[in-house]
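Colleague: Residues per chain, in single letters:
2 protein chains.
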Amino acid sequence: MVLYVIGLGLADEKDITVKGLEAVKTCERVYLEAYTSILTVPKERLEALYERPVVIADREMVESEADEILRDADKINVAFLVVGDPFGATTHTDLVMRAKELSIPVIPIHNASIMNAVGCCGLQLYNYGQTISIVFFTDSWRPDSFYDKIKQNRAIGLHTLCLLDIKVKEQSIENMARGRKIYEPPRYMTVNQAVEQLIDIEETRQEGVYTKDTIAVGLARVGCPDQTIIAGTLEELVTADFGGPLHSLVIAGHMHFLEADLVRTYAVNPETFNRHAVILDH
Amino acid sequence: MVLYVIGLGLADEKDITVKGLEAVKTCERVYLEAYTSILTVPKERLEALYERPVVIADREMVESEADEILRDADKINVAFLVVGDPFGATTHTDLVMRAKELSIPVIPIHNASIMNAVGCCGLQLYNYGQTISIVFFTDSWRPDSFYDKIKQNRAIGLHTLCLLDIKVKEQSIENMARGRKIYEPPRYMTVNQAVEQLIDIEETRQEGVYTKDTIAVGLARVGCPDQTIIAGTLEELVTADFGGPLHSLVIAGHMHFLEADLVRTYAVNPETFNRHAVILDH
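Chains as they are written, first to last, in UniProt numbering: chain A, 1 to 282; chain B, 1 to 282.
Next comes chain A alone, as it looks inside the complex (with noise of 0.2 Å):
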């Protein structure tokens, strides 16, 4: 029969499409991955509206069982629901290869990502270069090859979205010596923690990509009823309150006056807004 890739959007159950409900319903088992974004309902609730149980599918299920995963699918259907877009992560390749490889036909059903939908914000989409993921910095490991990449965009005035880490089900160094497998609770990096990153690197690479004082846009829960966006200097962002997960930035490049009027809209403070916007009036 058939896998579908079902995207399910950004907030909670409800977000899923109609025909990915009904592709869903079809399916004898259904499995969700859980580990590179989440939404802001447990299990429960999709499994109440979709009408099926929902199997978790954390990394390691995903990367060593996709046989499993696909199993008799040449007979049933079975879903693979991601939060977001079908194609957001490239995580989910493997499987799609590999239901391929046993010629199971694989049907995406397309939703909504942070990729699109950051467009609230006010910075148009066609204006993003290159999107980067910044990961928590740890003692001995701090990954900065983002830098580069902003560097570039913001050489030719584009804006820059930058994904926040998540670590889901991580093991301590010594659980993970010692065989354990005791899971760390989850982490999700806020807009506070990447932007004390960003001035961090920019410290110590001293490339003047961006300043404190660059404007960038944080958001927070986009599509949720609670959703936060605040704009303001990278200075002013440390201290912003976004509340709970999942949270995103955008480090604005020039703004068309019409960007610049609707991020305004969301600044902590319109007059330091103003004074670093780089805007252009046309």
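Think of the hints as simulated: they come from the structure by calculation, not from any bench. Treat the hints loosely; a few may be bogus.
[Claimed, not checked] Some, not all, of what chain B presents toward chain A, calculated at C-beta under 7 Å:
| # | residue |
| --- | --- |
| 1 | 19 |
| 2 | 125 |
| 3 | 156 |
Cβ coordinates follow ideal geometry from the N, Cα and C atoms, glycine included.
Based on these hints, arrange chain B on the given structure of chain A.
Modeller: Structure of chain B alone, referenced to chain A:
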């Protein structure tokens, strides 16, 4: 009450989200923006599922009759339906700003748009640069400012999503001059036309931004059962058959080998693909 701005997704009436469907059913008046994109089904299909009459809103109506669209929206709910995601096009900004002036709450409901669904071609979304629009050339008007943007993207190895022109409810110069409200049949730019114009502009500008051998991916009717994806050199795509609208095009930048593995499955000719693709092995 509320102005809902509801994304419809890409293909047909069932691409609306469950949340969007519930919202539209609370609305006394429902408008469909029908000039920046189209679905593949007539409005009657929408009306049947949404159980509401749907008024087609053309550009003139949205731009000059915002107050009529918003009439009584302090007392009733009004829905403004948008193909794709609500924030995909700038043209609705005026309506949203007008609603805010009138203190009418605006609730957007997100959905897939070509800006994120294009990930289905195998080129990863985070490797795209700025998006460009290619409009129909006329004898006297050949706008090519997109050429510089492609140049900027390609200089740093990024892919370029090209949105292709749509002409709906256009008047001929003669009819316009005579004040006759007679409209030309709608026109949708094909991948073939876009690629011809791109080759044409390179021949004029001669800055070597791309060649006839540059690899690109054409997409048609993304999200529909008859979705078509074809990869090849620009020259190969001049004659590839994509069928009916809507079409989009991606000019490939540097490809990670995993991206190339996926895109190659859509290639007109895997041999020319391998010869001309720029593939990174890390």
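Colleague: Hint check: is the beta carbon of residue 125(B) less than 7 Å from a beta carbon of chain A?
Modeller: Because about 5 Å separates residue 125(B) from the closest Cβ in chain A, which is inside the 7 Å limit, the hint holds.
Colleague: Is the hint on residue 156(B) kept, meaning its closest Cβ partner in chain A is under 7 Å away?
Modeller: OK, holds: residue 156(B) within 7 Å of chain A, min 5 Å.
Colleague: Closer than 7 Å between Cβ atoms is the bar; does residue 19(B) clear it against chain A? Give me holds or violated.
Modeller: holds (4 Å)
Of the numbered hints stated above, none is contradicted by the structure.
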